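K.L.:
Here the structure of chain A is known, so what remains is to put chain B in place on it, guided by the hints.
Residue-level listing of the chains:
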Amino acid sequence: MVSLSAGPALGLISVRNLDKTYRRGGEEIHVLQGLNLDVAAGEFVAFMGPSGSGKTTLLNLLGGLDVPTAGSITVGGDEITHLSRRRLTAWRARHVGFVFQMYNLIPVLTAFRNVELPLLLTPLGRKERREHVETALGLVGLGDRGHHFPRQLSGGQEQRVAIARAIVADPTFLLCDEPTGDLDRRSAGEIMDLVSHLVADHGKTVLMVTHDPRAAERAAVVLHLEKGVLENGVRGAA
Amino acid sequence: MRFFPLLLANLLRKKIRTLLTVGSYAVALFLFGLLSAIHGAFTAGIELAGADRLIVMHRASFIQPLPFAHRDRILRVPGVRDVASSSWFGGVYQDPKNFFPQFAIEPEVWRRVYPEFQVPDGEWQAFLADRAGCVVGATTAQRFGWKVGDRIPLQGTIFPGAWEFNLRAIYRGSRPQDDMTQFWLQKQYVDEKGPEYWKGLVGWYVVRVTNPDEALTIAKAIDGAFANSTWETRTQTERTFAAAFVRQMGNIEFLILAVGGVVFFTLLLVTGNTMAIAVRERTAELAVLKAVGFSDGFVLLVVLAESALLATAGGGIGLGLAKTFTSGGDPTGGILPAFYISPASVAAGLGAALAVGLAAGLLPAVLAMRLRVVDALRRI
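The listed protein sequences derive, respectively, from chains A and B. Residues 1 to 238 (this note's numbering) make up the first sequence, in order. Residues 239 to 618 (this note's numbering) make up the second sequence, in order.
Excised from the complex, chain A in its bound form (with noise of 0.2 Å):
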């Protein structure tokens, strides 16, 4: 159950007293303010509002791609805000899945070895790391195309191929910043079923950014970021 007050630490995810600013020259430019956020395992949140409000800072942070300027971050009972560079890479191998708008395939490689790139950094033999690959490329029915290159696929089967790559190591949850925002309607249609059925059946954790009502309305809650500060939510359709 998603909850935006500020007492005792629910659910998976837990948010408290985050600031984010950065320095602009002279200026400090507050980004995210005092934001509080509790998400519970299974829950699929959306965060929307115009563009500034701070949505993908606040997944980089939840991400540990940034680090906050104040408040902390808890997830699974670990808080990561004050973990070291190195220490913080090796929980995002762990425990993040990431879906990019641009989907971020590296073009060199094979669809297969894109989804195999997690696994690189876990003691998993070749063999294993094949059947998970194939699993996850199945899951996200593109089980025929591993030996494709990014280019030959299409927009929405590159992004299906990023969510396999997303969730190939079984990652806590999915970060997913605007997954639909490079893709048409029916492939963004179809990615947003994707995302659904992995939260619905296989009971992932997804916190997504997006500006787009049908994506957001996916989500179990839908929360709105307006200049740095989050807006209560409201309940999806999903």
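Calculated from the structure, these hints are not laboratory results. Each hint should be verified, as a subset may be incorrect.
[As the list claims (entries may be wrong)] Residues of chain B clear of chain A, computed beta-carbon distances all greater than 12 Å:
1. Phe355
2. Trp384
3. Tyr578
[Claimed, not checked] Reference listing, derived: stretches of chain A covered by chain B, where coverage requires no fewer than 3 residues with Cβ under 8 Å from a Cβ of chain B:
4. 58 to 66
5. 84 to 92
6. 106 to 119
Keep in mind the model is a prediction, meaning the values are calculated, not measured. Virtual Cβ for every residue (Gly too), placed ideally from N, Cα, C.
P.N.:
Just chain B now, kept in the frame of chain A:
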């Protein structure tokens, strides 16, 4: 090994660029191989010089002769084990460009003074028995297709006239670097057939001492024996003599180091630029790798490994080509008798290529390591 496909895929992403970079290393290391072969050829005499041998020459110049009478006096100097005279013959075989060194020697003691040159006993006896006999090194014999029993005509220059020799033996070195281009003829033959003014003269003496540790003392004693005479001598170790001989041709070592240094520095700039471009093109991909969980250190190593792989691949190709090129031996027909690339030079070449590769990749690798994922993804 699990990361090798990633490395390989990165290297093959711009095939022409990779090919050109590998080619740059190959050309540079080919040149390095040739220069090291030339350097080795010039300095082989120094490295191979016998520690127990001295060269006695005229004090004024190497080309000034010495009396043969010095021989017995040198032999009487304490510590001297053997003495053999030698003279530059300087004949021309068919054409002046067919150069190979020819020495009029004292056959009776020659093998004792130069034990590293090996001649079958039967052939050596045949040489001793034939005043017009000659011995040639295996390299020269192979170069001209000579075999034992052939008659070899030489046109005299220092000793004018047409000379003919019977090839009685072919010698080989006991070490691969030994000079096998020489041509030996008997001193007595030159004495008999040569000009009147040369009677009783020789070019220089090769002295073998009993104890190499006393070589300098013995050298001083020899020079002392002829001090203030018409035929003063200068005696030096064979190594010093060889080094002085090389110095006559200029500072070969400096020249080679200078050329090699410029080539490697240029290579460093070119490949450094290439690696910088290659990394800049992949900023987003590197950011994704980091987002997925690859560490900063891993990204640093990936870039360094790519650069090192390019360098060693190109270097290996270049050295392989140089090795093939030098496998035919001396391309000058006698000026560089020990023209080959030693295993140490191959190792040094690969080491240099690797060092340049790592240096070229270092700055881009550090920049990639420091890359912040958030900044990199924002640029997309």
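K.L.:
The structure should be examined with respect to each hint, and the outcome stated for every one.
P.N.:
Verification of the hints:
1. Phe355: About 59 Å separates Phe355/B from the closest Cβ of chain A, which puts it past 12 Å; holds.
2. Trp384: Per Cβ check, Trp384/B is outside 12 Å of chain A; nearest 59 Å; holds.
3. Tyr578: 41 Å, holds
4. 58 to 66: Since three or more residues must qualify, the claim that chain B covers the segment 58 to 66 of chain A holds, with 4 doing so at under 8 Å.
5. 84 to 92: With 5 residues closer than 8 Å to chain B, the segment 84 to 92 of chain A meets the three-residue bar; holds.
6. 106 to 119: As far as the segment 106 to 119 of chain A goes, the hint holds, because 7 residues have Cβ atoms under 8 Å from chain B.
Comparing the model with each numbered hint stated earlier shows that all of them hold.
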